[in-house]
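Protein chains in written order, with UniProt numbering: chain L, 1 to 347; chain P, 1 to 347; chain F, 1 to 347.
A hint or two may mislead.
Any copy will do: because identical chains look the same in the list, a pair fits if it lies in one copy or spans two.
[Claimed, not checked] Cut-off 25 angstroms, straight-line C-alpha distance, at most; resulting in silico cross-link-like pairs (SDA-like, lysine to any residue):
(1) Lys114 / His182
(2) Lys112 / Leu172
(3) Lys114 / Gly323
(4) Lys112 / Ala338
(5) Lys114 / Glu124
(6) Lys114 / Tyr171
(7) Lys114 / Asp266
(8) Lys79 / Gly158
(9) Lys197 / Tyr52
Hints listed in this document are in silico derivations from the structure and should not be mistaken for laboratory results.
Owing to the predicted nature of the structure, the values given are computational and were not obtained by experimental measurement.
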Amino acid sequence: MNILRILLIFIPVSFIAEYMGAPQTAMFILSALAIIPLAGLMGEATEEISFYSGPRVGGFLNATFGNATELIISFFAMKAGLFDVVKASIAGSVIGNILLVLGASMLIGGLKFKRQTFNQQATEISSSMLLFAVIGLTIPAIFTHTVAPELLTTRYEGLSILVAVIMFSIYLLSLVFSFFTHRDIYSVDHSQESAAKWSLSRGILVLVIATIFIGVESEIFVGAVEPMSEAFGLSELFVGIILVPIIGNAAEHSTAIVMAVKNQMDVAVEIAVGSSLQIILFVTPVLIFLSLLFSPMSIIFNEFELIALIFSVLIANRVANDGESNWMEGIQLIAVYAIIAGSFFIL
Amino acid sequence: MNILRILLIFIPVSFIAEYMGAPQTAMFILSALAIIPLAGLMGEATEEISFYSGPRVGGFLNATFGNATELIISFFAMKAGLFDVVKASIAGSVIGNILLVLGASMLIGGLKFKRQTFNQQATEISSSMLLFAVIGLTIPAIFTHTVAPELLTTRYEGLSILVAVIMFSIYLLSLVFSFFTHRDIYSVDHSQESAAKWSLSRGILVLVIATIFIGVESEIFVGAVEPMSEAFGLSELFVGIILVPIIGNAAEHSTAIVMAVKNQMDVAVEIAVGSSLQIILFVTPVLIFLSLLFSPMSIIFNEFELIALIFSVLIANRVANDGESNWMEGIQLIAVYAIIAGSFFIL
Amino acid sequence: MNILRILLIFIPVSFIAEYMGAPQTAMFILSALAIIPLAGLMGEATEEISFYSGPRVGGFLNATFGNATELIISFFAMKAGLFDVVKASIAGSVIGNILLVLGASMLIGGLKFKRQTFNQQATEISSSMLLFAVIGLTIPAIFTHTVAPELLTTRYEGLSILVAVIMFSIYLLSLVFSFFTHRDIYSVDHSQESAAKWSLSRGILVLVIATIFIGVESEIFVGAVEPMSEAFGLSELFVGIILVPIIGNAAEHSTAIVMAVKNQMDVAVEIAVGSSLQIILFVTPVLIFLSLLFSPMSIIFNEFELIALIFSVLIANRVANDGESNWMEGIQLIAVYAIIAGSFFIL
Numbered sequence: 001m002n003i004l005r006i007l008l009i010f011i012p013v014s015f016i017a018e019y020m021g022a023p024q025t026a027m028f029i030l031s032a033l034a035i036i037p038l039a040g041l042m043g044e045a046t047e048e049i050s051f052y053s054g055p056r057v058g059g060f061l062n063a064t065f066g067n068a069t070e071l072i073i074s075f076f077a078m079k080a081g082l083f084d085v086v087k088a089s090i091a092g093s094v095i096g097n098i099l100l101v102l103g104a105s106m107l108i109g110g111l112k113f114k115r116q117t118f119n120q121q122a123t124e125i126s127s128s129m130l131l132f133a134v135i136g137l138t139i140p141a142i143f144t145h146t147v148a149p150e151l152l153t154t155r156y157e158g159l160s161i162l163v164a165v166i167m168f169s170i171y172l173l174s175l176v177f178s179f180f181t182h183r184d185i186y187s188v189d190h191s192q193e194s195a196a197k198w199s200l201s202r203g204i205l206v207l208v209i210a211t212i213f214i215g216v217e218s219e220i221f222v223g224a225v226e227p228m229s230e231a232f233g234l235s236e237l238f239v240g241i242i243l244v245p246i247i248g249n250a251a252e253h254s255t256a257i258v259m260a261v262k263n264q265m266d267v268a269v270e271i272a273v274g275s276s277l278q279i280i281l282f283v284t285p286v287l288i289f290l291s292l293l294f295s296p297m298s299i300i301f302n303e304f305e306l307i308a309l310i311f312s313v314l315i316a317n318r319v320a321n322d323g324e325s326n327w328m329e330g331i332q333l334i335a336v337y338a339i340i341a342g343s344f345f346i347l
Numbered sequence: 001m002n003i004l005r006i007l008l009i010f011i012p013v014s015f016i017a018e019y020m021g022a023p024q025t026a027m028f029i030l031s032a033l034a035i036i037p038l039a040g041l042m043g044e045a046t047e048e049i050s051f052y053s054g055p056r057v058g059g060f061l062n063a064t065f066g067n068a069t070e071l072i073i074s075f076f077a078m079k080a081g082l083f084d085v086v087k088a089s090i091a092g093s094v095i096g097n098i099l100l101v102l103g104a105s106m107l108i109g110g111l112k113f114k115r116q117t118f119n120q121q122a123t124e125i126s127s128s129m130l131l132f133a134v135i136g137l138t139i140p141a142i143f144t145h146t147v148a149p150e151l152l153t154t155r156y157e158g159l160s161i162l163v164a165v166i167m168f169s170i171y172l173l174s175l176v177f178s179f180f181t182h183r184d185i186y187s188v189d190h191s192q193e194s195a196a197k198w199s200l201s202r203g204i205l206v207l208v209i210a211t212i213f214i215g216v217e218s219e220i221f222v223g224a225v226e227p228m229s230e231a232f233g234l235s236e237l238f239v240g241i242i243l244v245p246i247i248g249n250a251a252e253h254s255t256a257i258v259m260a261v262k263n264q265m266d267v268a269v270e271i272a273v274g275s276s277l278q279i280i281l282f283v284t285p286v287l288i289f290l291s292l293l294f295s296p297m298s299i300i301f302n303e304f305e306l307i308a309l310i311f312s313v314l315i316a317n318r319v320a321n322d323g324e325s326n327w328m329e330g331i332q333l334i335a336v337y338a339i340i341a342g343s344f345f346i347l
Numbered sequence: 001m002n003i004l005r006i007l008l009i010f011i012p013v014s015f016i017a018e019y020m021g022a023p024q025t026a027m028f029i030l031s032a033l034a035i036i037p038l039a040g041l042m043g044e045a046t047e048e049i050s051f052y053s054g055p056r057v058g059g060f061l062n063a064t065f066g067n068a069t070e071l072i073i074s075f076f077a078m079k080a081g082l083f084d085v086v087k088a089s090i091a092g093s094v095i096g097n098i099l100l101v102l103g104a105s106m107l108i109g110g111l112k113f114k115r116q117t118f119n120q121q122a123t124e125i126s127s128s129m130l131l132f133a134v135i136g137l138t139i140p141a142i143f144t145h146t147v148a149p150e151l152l153t154t155r156y157e158g159l160s161i162l163v164a165v166i167m168f169s170i171y172l173l174s175l176v177f178s179f180f181t182h183r184d185i186y187s188v189d190h191s192q193e194s195a196a197k198w199s200l201s202r203g204i205l206v207l208v209i210a211t212i213f214i215g216v217e218s219e220i221f222v223g224a225v226e227p228m229s230e231a232f233g234l235s236e237l238f239v240g241i242i243l244v245p246i247i248g249n250a251a252e253h254s255t256a257i258v259m260a261v262k263n264q265m266d267v268a269v270e271i272a273v274g275s276s277l278q279i280i281l282f283v284t285p286v287l288i289f290l291s292l293l294f295s296p297m298s299i300i301f302n303e304f305e306l307i308a309l310i311f312s313v314l315i316a317n318r319v320a321n322d323g324e325s326n327w328m329e330g331i332q333l334i335a336v337y338a339i340i341a342g343s344f345f346i347l
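Using the sequences and the hints, build the whole thing.
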């Protein structure tokens, strides 16, 4: 964490640069560098708060605040009308969590331990939910792509809202499932991994301050996306699906890898799969609801995103199936991610 | 069952209405209301006959007569030249059985029992067969959609007949498999669930009479589909894939849910998966063979149906995999169904 | 094996026929008949060498030489500019191994034994690798098909090379995985199945000679493909995806079925899945690297091949999942293959 803390220097640096009218390319890099430690701080604060409020409420907080970065970045992108970047970053977050976060955890953990096992039952429930969620999320898009464009009227915004309502209801019901009716499945023993380093009030303070700063930096970051991608000849799709999620998922990446190295593969898998689930069931519907304030955003992903999403979820289900991991599985996940990223970069 | 029996009143009502030249919209609703209790009676009669002829022969009868409603409805639709409605209702039956029948069973059963388990081995065999069957069924369609339309000649009717012959052969061989060589896998103990309420002759009589009446009502129903869908502005696809199968599957719905509430999830899963299997391996080839008497019907589903079929079968395989269910799984299945139905309705 | 040996007579027959300028149709059949026993001899020689060099090195040799036929046939086809035939035969080999080789093994083995079990852990690792490999292999193609053709520049040859480099690296790392870090998983006990019939030097001699002759016959075979398919009105795609792989996989077919009849289903499954894996991770990248010597071959499969590949790999994962097989599973795999072959033939 100490290395990440050093990057906090980029918060004042980025403010000064913005004030002095630095070129957008510089602002893109500076704000990204400032967001990384802020995301890490938010994750740390959530973990500390969890210590006081108990693992169950803590899990909920972690689940809700963990994706706050993505939600905030996406909100500002949506406000700026960059709908394609928002949808690309939703797809990219899911793909990145499953392929890159999980792959890196399995590879690095697998270099230390020959075989790592995880709670097969909990992972199967999460990965089943992920399969259902991705299928639900992609059906309207797939149907839309097979319909002649001239037949698509405004009615199809209604479809996005319907899906958002269903997804959000599933999210609320999943909280009932994991906090009340089936809480025994999810009772992962977190006692080994942490003890409170902070007081509760400090935890809440850090969380609030980090959220404010991340909001400001995100607005700078998104403002720089378009000129930056032009400057480097990168497609908006590549930026949205690869670069933005890597920054948005910084917290997940660091936590999952640390857990894997501690041989707590359970937690690493839950972070990757659970975070993906939450992006689909919570972040996406909330963004669609918020978009109604400006101009409605549809849930219709493009073919690239659909394919990448469906393949990722098939892989997650396969990985969850055997309940253990090794370095080779990690490399394969990263390899699939590299091929996807390479395709987006080249095409 | 008693509630269903009351609906039998709609048989004479629909006959009188038809005679008096009632509007097609009214005939659609009246014949649908008459079909529901008839389907229930057919299921009940088959179950009673099973008691006398033993579970093995009974299973075969149930498998053959259980989908009689669909076969009869589809036959009259096919005779009326409504090929698209027929194919939509084949796809819709499979989707409805897997997502709606299974989902409702898991939800309602899951509200009463925290965890319900089912025979993993039998379900795995059924769901594997379903995967192979759906892949076999959809390959010609997918290939056809990627070929330029002008290249498609009459030769491609030959492909439908080839697939029908292969599917029907698999159906016959699956009977050899489950009745002779591997009968031990399927020896579900039905003793708890029923005792004969009827005599054998009464069972056969009810079955024959219900089949005759359902035939007549189906002809009325199909005759009213086209004007009805125009009157309500519903697409033929929506009617075929959502409304027709819900009526055709009325028997499966009621039986599966009753079994789930009795904590016999095994039977509920077998009804949903087995009925889907039979639609693909028996009903579909028989319809294609019969279509040769009028004008050949192809097996080429449209993209919507293909996607819904493939996703449903992936979900069925996933659900079968862990050998247990809970209310949350039921809700997710129903949610996917709702999104599919919503997409068909809106698009 | 003795029956196969008789076919060796077609080596001199094909040479004489080629010398006397026999029609291409005759040369196609004669060279195919000569390749079959040569492929069998190569397999046998590799197995004998394995006896001396130990199962681990033997496995590597078997893995490397087992697909030599395909590599040689494909190399000459590629040199002749028949890129579509090469890609079709790569896809066809994978499909044929999974559906036909595995299906025939399960059917013929299942007729003798009611249930055959196999090492679930090793099969799960192989079939997971196959899933990742096929997804990696198909992503560039799927992405390319969704991009408007005019946007595709020479940059997309770079994508093929990137994928080839990644696949080949995964291949090398998988050797490290199975020979060094996780060798215990793969320690199948081969002791029962064979004892050396040949001396080591005889084994090596047979291997080298068979490789030379198969090279010559392959050049004749490929030279006859185009005129032959015109003569019989067969599409190049059908020849490439169905006929060429059946000949190229002759060795795998015979070995896997023999193993299944000996109730060594483990070995049969490993041959089918392992051989498919090697075609994707070794043969395909090597062909792409070699193509740079003439004119670069892309890795972009057509839609037919993609669908058949993805479905095959889903089936392989399903089959691997339950760790046992029976005759019905074998029939279903063969039925899916028959529908694919029928579709390619008719369309």
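Checked hints:
Within a single copy, Lys114 and His182 get their C-alpha atoms only as close as 32 angstroms, which misses the 25 angstroms cut-off; across copies the closest is 8 angstroms, which meets it. Taking the closest pair of Cα atoms, Lys112 and Leu172 come within 25 angstroms of each other only across two copies (20 angstroms); inside a single copy the shortest separation is 38 angstroms, beyond that limit. For a Cα distance limit of 25 angstroms, the shortest separation of Lys114 from Gly323 qualifies both inside one copy, at 14 angstroms, and across copies, at 23 angstroms. Taking the shortest Cα distances, Lys112 and Ala338 sit within 25 angstroms of each other inside one copy (23 angstroms), while across copies they are farther apart (46 angstroms).
Taking the shortest alpha-carbon separations for Lys114 and Glu124, both the intra-copy value of 22 angstroms and the inter-copy value of 17 angstroms come in at or below 25 angstroms. With identical chains, the CA atoms of Lys114 and Tyr171 are at most 25 angstroms apart between copies only, with a shortest distance of 19 angstroms across copies and 36 angstroms within one. In this assembly of identical chains, Lys114 and Asp266 lie within 25 angstroms of each other by CA distance both inside one copy and across copies; the values are 16 angstroms within and 24 angstroms between. For the identical chains of this complex, Lys79 and Gly158 are intra-copy neighbours only, at 20 angstroms inside a copy versus 37 angstroms across copies, given an alpha-carbon limit of 25 angstroms.
Taking the shortest alpha-carbon separations for Lys197 and Tyr52, only the intra-copy value of 11 angstroms comes in at or below 25 angstroms, while the best inter-copy value is 61 angstroms.
Of the numbered hints given earlier, the model fails none.
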